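Full structure from sequences and hints, please.
Protein chains in written order, with numbering that gives the first Met the number 0: chain A, 0 to 93; chain B, 0 to 396.
FYI, nobody ran anything at the bench for these hints, they're computed from the structure. Just so you know, these numbers come straight off a predicted model, no measurement behind them. Hints are supplied without guarantee of correctness; some may be wrong.
Only pairs whose alpha carbons sit at most 16 Å apart, straight line, appear in this in silico EDC-like list of lysine to aspartate or glutamate [what the hints assert, rightly or not]:
{"hint": "1", "chain 1": "B", "residue 1": "K178", "chain 2": "B", "residue 2": "D146"}
{"hint": "2", "chain 1": "B", "residue 1": "K143", "chain 2": "B", "residue 2": "D130"}
{"hint": "3", "chain 1": "B", "residue 1": "K39", "chain 2": "A", "residue 2": "E40"}
{"hint": "4", "chain 1": "B", "residue 1": "K348", "chain 2": "B", "residue 2": "E360"}
{"hint": "5", "chain 1": "B", "residue 1": "K39", "chain 2": "A", "residue 2": "E52"}
{"hint": "6", "chain 1": "B", "residue 1": "K157", "chain 2": "B", "residue 2": "E177"}
{"hint": "7", "chain 1": "B", "residue 1": "K126", "chain 2": "B", "residue 2": "E158"}
{"hint": "8", "chain 1": "A", "residue 1": "K51", "chain 2": "B", "residue 2": "E22"}
{"hint": "9", "chain 1": "B", "residue 1": "K251", "chain 2": "B", "residue 2": "E177"}
{"hint": "10", "chain 1": "B", "residue 1": "K157", "chain 2": "B", "residue 2": "E127"}
{"hint": "11", "chain 1": "B", "residue 1": "K39", "chain 2": "A", "residue 2": "D50"}
{"hint": "12", "chain 1": "A", "residue 1": "K51", "chain 2": "B", "residue 2": "E44"}
{"hint": "13", "chain 1": "A", "residue 1": "K72", "chain 2": "A", "residue 2": "E52"}
{"hint": "14", "chain 1": "A", "residue 1": "K72", "chain 2": "A", "residue 2": "E40"}
{"hint": "15", "chain 1": "B", "residue 1": "K178", "chain 2": "B", "residue 2": "E206"}
Beyond 10 Å from chain B on every Cβ pair, some chain A residues (computed) [to be verified]:
{"hint": "16", "residue": "V22"}
{"hint": "17", "residue": "M24"}
{"hint": "18", "residue": "D86"}
Where chain B lies over chain A, by a calculated footprint (3+ residues, C-beta under 8 Å) [said to hold, decoys possible]:
{"hint": "19", "region": "47-61"}
{"hint": "20", "region": "68-74"}
A virtual CB, placed ideally from N, CA and C, is assigned to each residue, including glycine.
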Amino acid sequence: MAKKWSQLIRNWMTQKMDLPPDVMMDLPRITMIGQIHIYIENHRGLLAFSDKELRLLLKQGQLLVKGKAFVIKTILPEEILLEGKIDQVIYINE
Amino acid sequence: MKNQWINLFAGTLRVKVTGKGIERFLNQLTRSGILIWNVKRHGTEAVTFQINVQDAKKLRVPARSSQCKIRFIERAGGPFFLRRIWTNSGFLVGAAAFLIILMFLSNMVWGIEIRGASPAIEHQIRKELADMGVKHGSLQFTIKNVDLLQRDLTDKVKEITWVGVELRGTTYHFQVVEKEEPEKQQAYTPQHLVAAKKATIVKMFVEEGESMVQLNDVVQPGQLLVSGLIGKEEEKKPVPARGEILGETWYKSLVELPLQSTFQVFSGNEARKYQLQLGKLSIPVWGFKKHGYNEFESEESMHQIKFLKWKLPIAFVAKTIREREEVTRTYTKAEAIKSARELARKDIKKIIPEDAKIKGEEILHQSIKNGKVRMSIHFQIIEDIAKGQPIIQGDEE
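Dropping the structure here:
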């Protein structure tokens with residue numbers, strides 16, 4: 000219950016005070032360059048990786064990236080740069 | 000993101016991870032601060048990625064706790080590259096040897112070209128050059144520089160007036176101008192012989208013409224000695240008068256010589272220094288000792304090292320430092336007079352023609368004042384006083 004409350008307050012504050020939502024709410028920030036690069040900040044760890052699929056843990060839910068010939072160019076605790084041919088970016092909520 | 004170049008310098012490793020839970024293992028690595036890049040999946044149970052060399056040891060602990068096996072499959076960059084060069088050092092040695100040999104050959108003499116000389120002179124020049132060390136296959140460092148070569152060659156080979164020396168690449172070019180010995184001028188035009196200066200005639204040898212003076216005559220400059228008109232009064236025939244008329248002439252020389260004089264002479268002590276000059280930086284190679292001379296003169300000869308047709312900014316400098324000494328010479332009176340006379344004689348010899356002889360000398364005046372010897376000497380010289388004078392036949396038809 001408390002978690003939900005804090006979430007609501009944060010949501011409200013971002014809207015009213017015009018703060019960047021990725022900072023306030025621990026959301027992933029995804030930058031894509033066409034189909035070839037995807038840069039994801041604020042992830043919570045790697046769940047699955049193959050050359051056709053990348054599954055990342057987020058604070059809420061998961062992120063699924065589908066495509067071809069995937070290579071992780073860099074991986075840091077909260078950032079990841081993926082290269083390949085990206086077809087889909089899917090959010091998975093339980 | 001970090002610049003990958005820096006990683007390449009330090010050296011990188013390619014790691015192959017096989018087993019289950021590879022993703023978990025990767026998360027563990029990133030959390031422990033290991034930089035990972037180029038992660039690729041190979042099949043279902045294998046992943047390869049690259050890490051820095053210094054992170055290799057940190058890999059061990061997470062690897063043990065996980066169910067994966069790790070293998071290093073490729074090493075690249077800095078230290079590994081060096082090691083590979085070391086194992087293949089033969090190539091490196093070969094390349095270095097090639098460059099050194101090429102440089103060595105670029106600094107050799109490969110050709111001597113002599114132009115403008117007749118075969119005999121050319122042969123002589125070649126012989127002299129060989130003595131000086133200029134021959135095929137000798138290194139250019141051992142050869143004096145071009146100006147000195149030019150001077151020595153003109154000194155040693157008498158038959159040449161001038162020689163231009165040029166070093167173009169590995170070839171010495173010599174441009175020779177031979178002395179043209181002037182052929183004895185034949186006096187074909189009719190002429191008289193007249194006296195060039197005031198003299199007493201000592202000896203006469205007339206080849207052609209009619210002598211107008213006798214032995215022991217005193218002649219004035221311009222006086223007719225041998226007439227070029229021979230024959231009887233009426234039909235005088237002009238001929239080129241020839242002959243040698245030796246006359247006694249007088250010269251006066253005034254010399255002044257200080258009794259005490261100081262000279263700069265070389266003591267014979269010398270120090271040699273060799274340096275390698277790289278641009279403006281010079282590195283001593285040999286001769287580190289301080290010479291400790293108070294007065295000295297230094298001479299430098301520089302040889303620039305060439306590589307093929309280019310001159311490298313590297314030069315080999317040989318420096319010779321000669322000690323100079325100040326010597327004070329003191330004459331006694333007798334010595335001073337003697338050397339003053341010698342000096343006067345030398346002076347006179349400069350003035351008179353080469354074939355003239357000094358017959359006698361006489362001191363006219365001599366004084367020693369203010370530490371100086373002053374002397375005027377009278378010289379009697381025997382020389383050829385005859386001078387040709389063409390006969391102008393303007394009044395004849």
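These are the hints, each one checked on the structure:
no.: 1; hint: B:K178 to B:D146; in the structure: violated, 20 Å
no.: 2; hint: B:K143 to B:D130; in the structure: holds, 12 Å
no.: 3; hint: B:K39 to A:E40; in the structure: violated, 20 Å
no.: 4; hint: B:K348 to B:E360; in the structure: holds, 13 Å
no.: 5; hint: B:K39 to A:E52; in the structure: holds, 12 Å
no.: 6; hint: B:K157 to B:E177; in the structure: holds, 9 Å
no.: 7; hint: B:K126 to B:E158; in the structure: holds, 14 Å
no.: 8; hint: A:K51 to B:E22; in the structure: holds, 15 Å
no.: 9; hint: B:K251 to B:E177; in the structure: violated, 39 Å
no.: 10; hint: B:K157 to B:E127; in the structure: holds, 12 Å
no.: 11; hint: B:K39 to A:D50; in the structure: holds, 7 Å
no.: 12; hint: A:K51 to B:E44; in the structure: holds, 14 Å
no.: 13; hint: A:K72 to A:E52; in the structure: holds, 15 Å
no.: 14; hint: A:K72 to A:E40; in the structure: holds, 14 Å
no.: 15; hint: B:K178 to B:E206; in the structure: violated, 30 Å
no.: 16; hint: V22; in the structure: holds, 21 Å
no.: 17; hint: M24; in the structure: holds, 23 Å
no.: 18; hint: D86; in the structure: holds, 17 Å
no.: 19; hint: 47-61; in the structure: holds (count 4)
no.: 20; hint: 68-74; in the structure: holds (count 6)
Going through the hint list in order, the structure does not satisfy hints 1, 3, 9 and 15.
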